[in-house]
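Novice: What follows is the residue order along each chain.
There are 4 protein chains.
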Amino acid sequence: MSFNTFGHLFRVTTWGESHGPALGATVDGCPPGVEIEAGALQHWLDKRKPGQNKFTTQRQEPDAVRILSGTFDGKSTGTPIQLMIENTDQRSKDYGEIAKSFRPGHADLTYHQKYGLRDYRGGGRSSARETAARVAAGGVARAVLAQLVPGLKITGYMVQVGPHQIDRARFDATQIEQNPFWCPDATAAADWAVYLDDLRKNHNSVGAVIEVVASGVPAGLGAPLYAKLDSDLAAAMMSINAVKAVEIGEGMAAAALTGVENADEIRMGANGPEFLSNHAGGILGGISTGQDVVVRFAVKPTSSILTPRRTITTGGDEVELITKGRHDPCVGIRAVPVGEAMMACVILDHLLMDRGQTGGVRGEIG
Amino acid sequence: MSFNTFGHLFRVTTWGESHGPALGATVDGCPPGVEIEAGALQHWLDKRKPGQNKFTTQRQEPDAVRILSGTFDGKSTGTPIQLMIENTDQRSKDYGEIAKSFRPGHADLTYHQKYGLRDYRGGGRSSARETAARVAAGGVARAVLAQLVPGLKITGYMVQVGPHQIDRARFDATQIEQNPFWCPDATAAADWAVYLDDLRKNHNSVGAVIEVVASGVPAGLGAPLYAKLDSDLAAAMMSINAVKAVEIGEGMAAAALTGVENADEIRMGANGPEFLSNHAGGILGGISTGQDVVVRFAVKPTSSILTPRRTITTGGDEVELITKGRHDPCVGIRAVPVGEAMMACVILDHLLMDRGQTGGVRGEIG
Amino acid sequence: MSFNTFGHLFRVTTWGESHGPALGATVDGCPPGVEIEAGALQHWLDKRKPGQNKFTTQRQEPDAVRILSGTFDGKSTGTPIQLMIENTDQRSKDYGEIAKSFRPGHADLTYHQKYGLRDYRGGGRSSARETAARVAAGGVARAVLAQLVPGLKITGYMVQVGPHQIDRARFDATQIEQNPFWCPDATAAADWAVYLDDLRKNHNSVGAVIEVVASGVPAGLGAPLYAKLDSDLAAAMMSINAVKAVEIGEGMAAAALTGVENADEIRMGANGPEFLSNHAGGILGGISTGQDVVVRFAVKPTSSILTPRRTITTGGDEVELITKGRHDPCVGIRAVPVGEAMMACVILDHLLMDRGQTGGVRGEIG
Amino acid sequence: MSFNTFGHLFRVTTWGESHGPALGATVDGCPPGVEIEAGALQHWLDKRKPGQNKFTTQRQEPDAVRILSGTFDGKSTGTPIQLMIENTDQRSKDYGEIAKSFRPGHADLTYHQKYGLRDYRGGGRSSARETAARVAAGGVARAVLAQLVPGLKITGYMVQVGPHQIDRARFDATQIEQNPFWCPDATAAADWAVYLDDLRKNHNSVGAVIEVVASGVPAGLGAPLYAKLDSDLAAAMMSINAVKAVEIGEGMAAAALTGVENADEIRMGANGPEFLSNHAGGILGGISTGQDVVVRFAVKPTSSILTPRRTITTGGDEVELITKGRHDPCVGIRAVPVGEAMMACVILDHLLMDRGQTGGVRGEIG
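Read top to bottom, the protein sequences are chains A, B, C and D.
For the record, in the first sequence the residue sitting at position 281 is 297 according to this note's numbering, with numbers rising by one throughout.
For the record, in the second sequence the residue sitting at position 117 is 133 according to this note's numbering, with numbers rising by one throughout.
For the record, in the third sequence the residue sitting at position 178 is 194 according to this note's numbering, with numbers rising by one throughout.
For the record, in the fourth sequence the residue sitting at position 331 is 347 according to this note's numbering, with numbers rising by one throughout.
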């Protein structure tokens, strides 16, 4: 119900603004007895951290996470876990222009209209900095999943930057952490570097598509209709800043398929049912099939650019605005660990809900 | 939290199976004093009703809705509205094969695994019949919106069937109700008829893309992060049977745009801010801008086809299965009024939430 | 969040008015595979049914419950269970006076102020008839509990009518179903009969106190703070019409105890910890101890009485009003099965939530 | 749904343990544009602060609250408000005995059973220190209420300590802040001081009853059944540590009243309906009447006492335990500002929900 919470049993409420003293996440409903260490959470935050290469914002933030509650002797107690990240690099500057103008593509205008006021410093609540809190919460979810479903693995990567897609034939998972784009195709990564460099010099930015895959997800997570696993994944990914579309499995391409093509045929394997394809993206009728859960989402281009755009001021005057600052030429890059974090949270939440309703018992076959 | 509920303040819980005695929706949180007549709801149900042409299932259901509670003298009282639709055409048949086999692309296997049993008659809970309840609830939402936001209009239509898209240059809203496809492009509609006829004769089916546009939506609905208007729309559309992707505004295409292209520039109009384009689909930072809210979703091809597909039985035997019955060759067609209904419910819900938090006051400009 | 829903994972939404066509409950989140038969639910409804003796309203309602969804071959499928009870004895009468006057002690005035209109026939939504839906839902909860926690038992009874309390020294559980008051003290029951007869003849009514005890509740249900077991029980009981107070264990009397008196000392028993007393009513820190969960609630006197009371009309005129009709002289009597139903729903809900968060594992002792 | 959250639209999630680095509250759904200053919140926290006289724990905590998010230029922005209170006086001590024994009357045993581990330092999550976070959140609610309903006033006070009640004939609101007991009866306060001194010297403690009254509450807040104003108040008060009973209006005493006595008769006043009595405690049918909302709750005696009590250890050994430390002889005293805070939060939440559903319009009379 809440405006800033997601999840049903494993619930995450994020708080904080770009230039306030701190931001964080209140994580409620965490199973007890799970090892939760700040160091392990930091590992995921470091992946998202800005300023690591020239393709992301040059803002310098250690993004050091502190655990303020909910653990004891390094283990979760079952009570709320408070994760806090202090803002340190709030570069002093003159916000005069941004305070009074609405940047096109930003939430400036809508916040102003809805709330009557807004924290304009660095985008306030609408800043991508908020996603640090998601990554921290996702780290908690991962720690729980590691204990409850040891084989489960979540991997995110970029499959498209601007019009340039990866070549699936060159997909190599070991490449993902070898380039600044979380790109599984080394050739594409090299091309993207040139492309983005050029864009940045031209004071422009571009969108991207991220794919997140969860393998080892047990069959039976989700529910028939409104708490469908895909419905919750769609909400979770769409809640990330700048995301404009979410696909499960074939996604939009499913529209062009015939029923004969789209049917994921089933055979008996050594350990139960096996599918001969995965057009469904691991979800049928809102419930996981045991195959890889495959989600893609599109991130729009960074709205803050150095090219002047027409807009208005709070006073109603028409102006041209350049958004100065330390912006990501492709904000999609840093969305990769964020998408992974949301996947982890949603899967854990559904695992707990399923265990609550069914006790985790599965219908037998054969 | 609930498994079969959507909405925050305006909450809809649907219930019922394809071949049980009835199905329906429990609508809670409806504003009082709104004219709610069964006849008006029936108008929307008739749009979704099966058996109206050869492109939808030939099951004959009057889909007559009854209002069992929550109104008095034809007006909503503010208490829960129970909408019931009795199932009448539950054709008696032998379910032996379907009872024991898992149809590829269906929820049969996942329901079996999660719940250990399933109502296999007509797909049970996973049947598209459930969407009748959504349409009825959407009718209530429309009645409320008509009173609270008189100019608001919601229009759904098909923009793609299989690989065949409409030509936006031929877009004519008056065509939408003139063909069996809710297609705004008369030429495309004619082509689709031939294409679908052919598919049906070949015992095949195909997917589709539906677009739903809400115009006249006030600025300021939504919230920054998890109760974002787009996040809730994504969840709502993805919760419809067979939907595999949801797009807002540019959707997946946003990935290929540059920041310069994607910026919806702003000028002052006679009645406040005006945008020079609508790449954002009417939503910025999770909050409505006042422009058209534009949502698209892809529906996968009907999984029930007369072409044999490989699968397994509950006993673990490998078989080939033909799904007999009265199936839609393109289930996307009947998803159009369902998408409209979900749009109506989500917008009303956010209107009430916004009114709750802010009192509906808007920040001034100029 | 919803206005007419209670529960977290096991969620019940009731709907319906006293004189509409039907009322019922939408039960979501029920575990699958549980035997749910209308006949078994009817057993509990028959306990609450009006017109069974001269101490309850003479309205004749069969209160026959129908299961419209969520079961298959007599077992729950895990999808929403719709329970419907048709209203049959909607005695035709002239509502002129009640339609225009606000009965003191009733919700007439507050509904009018909040909603601007109200279904005045028989109290509409505020009628005690709504509790039939709770009892039906409670029947579902009992069926699930019988399967998950075989030894669990829920017993409700009256401990006070007007100023007359039972004598705990005469407590005999076998008496509870032997008199019209669910009274465990045969002597008190006889006295109450005389007392209530007299009150009724004097056109008056009176309040009561009901106690509901759940034995066999596993330790560990509940949560530290806001989803405390006692907090949810308090909300559940207070949500019953006419209830004005809820006590857990010692209740209000705890205020007068010293810490030395109130400490429930602990020893080791054959099967784990044993308490030497139960001042806590089976709940410590919001979590069940394994002892009997003991809840009491006070029901105010029936507001509808034949003695004239001063009030106003919708037109603002001052009048004296007699509420004619078939009213309970002590509405508390029929609240006994309702209190039991709420206890069943809350305990099942917490059982599922606990299973979700902790997997049902318990910390070891010794 | 969440375990540590209360409220629907105005939602408060508290976090933190007694001896962790900090505790606090995440407040979501706050209306924008309201002046929220740490200083104003501090005012309420100072009322609850320990160590102010010999009748409360001697722990010294400044309880200084910091606002980490959700405000800008001193005003709420509509985004989550994070309130943090650092723990400073975590007196170093040997927890050996408490770590291994379950204190009778405490949550030690139930936490251990449910979670398998617990933060035993100072009671961890079950410590009354958690209520500091409630008081801070209540301060936010009060600030909003002051703006939305200027005449609304919330006043809490003690009406009973052990067996000693105030004399309502001596009720003097100006006395409440003149004694350490928030007692409106100066004579009773003097008696209580002697009584409590004696108890403390005898290593004992005692319970209490607190009454909280909200005047100026608009008519129409609440909802018929499960989101009844009284149901939410009951849950809110019962969620406070050590509370064992909640009463609305007459409360338990309503059981002994007749319908003739209990009817709050209605006349027309200058500004609308006026009641001639307030047995209902300002709530009819779950909805506020416009009269004073009157809630009472009983707090059990402090469980931590210096008198030895029998218990067991985690190893299953039977021992006698004295709970050393700086404990309140009557923890009810510090519950007064906590009860006020919960009242403020619940009323604001219902105000926002009502505004959402009805727009705040009221049915006319006369």
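What the hints contain is simulated information worked out from the structure, not anything from laboratory work.
Watch out, some of these pointers could steer you wrong.
[What the hints assert, rightly or not] Below 20 Å or equal to it, Euclidean Cα-Cα: the simulated DMTMM-like pairs (lysine to aspartate or glutamate) are:
{"#": "1", "chain 1": "D", "residue 1": "K340", "chain 2": "C", "residue 2": "E77"}
{"#": "2", "chain 1": "D", "residue 1": "K116", "chain 2": "A", "residue 2": "D89"}
{"#": "3", "chain 1": "C", "residue 1": "K91", "chain 2": "A", "residue 2": "E380"}
{"#": "4", "chain 1": "A", "residue 1": "K340", "chain 2": "B", "residue 2": "D89"}
{"#": "5", "chain 1": "B", "residue 1": "K340", "chain 2": "A", "residue 2": "D89"}
{"#": "6", "chain 1": "A", "residue 1": "K63", "chain 2": "A", "residue 2": "D89"}
{"#": "7", "chain 1": "C", "residue 1": "K116", "chain 2": "D", "residue 2": "E277"}
{"#": "8", "chain 1": "B", "residue 1": "K91", "chain 2": "D", "residue 2": "E277"}
{"#": "9", "chain 1": "C", "residue 1": "K340", "chain 2": "D", "residue 2": "E380"}
{"#": "10", "chain 1": "B", "residue 1": "K217", "chain 2": "A", "residue 2": "E277"}
{"#": "11", "chain 1": "C", "residue 1": "K169", "chain 2": "D", "residue 2": "E281"}
{"#": "12", "chain 1": "B", "residue 1": "K116", "chain 2": "C", "residue 2": "D89"}
{"#": "13", "chain 1": "B", "residue 1": "K116", "chain 2": "A", "residue 2": "E53"}
{"#": "14", "chain 1": "C", "residue 1": "K116", "chain 2": "B", "residue 2": "D89"}
[To be verified] Far from chain C, by Cβ distances over 10 Å, these chain B residues were calculated:
{"#": "15", "residue": "Q98"}
{"#": "16", "residue": "R141"}
{"#": "17", "residue": "Q191"}
Glycine included, every Cβ here is placed at the ideal spot set by N, Cα and C.
Novice: Next, verify each hint and record whether it holds.
Specialist: Here's how the hints hold up against the structure:
no.	hint	in the structure
1	D:K340 with C:E77	violated, 61 Å
2	D:K116 with A:D89	holds, 15 Å
3	C:K91 with A:E380	holds, 17 Å
4	A:K340 with B:D89	violated, 60 Å
5	B:K340 with A:D89	violated, 60 Å
6	A:K63 with A:D89	violated, 26 Å
7	C:K116 with D:E277	violated, 23 Å
8	B:K91 with D:E277	violated, 36 Å
9	C:K340 with D:E380	violated, 26 Å
10	B:K217 with A:E277	holds, 16 Å
11	C:K169 with D:E281	violated, 42 Å
12	B:K116 with C:D89	holds, 15 Å
13	B:K116 with A:E53	violated, 48 Å
14	C:K116 with B:D89	holds, 15 Å
15	Q98	violated, 4 Å
16	R141	violated, 4 Å
17	Q191	holds, 38 Å
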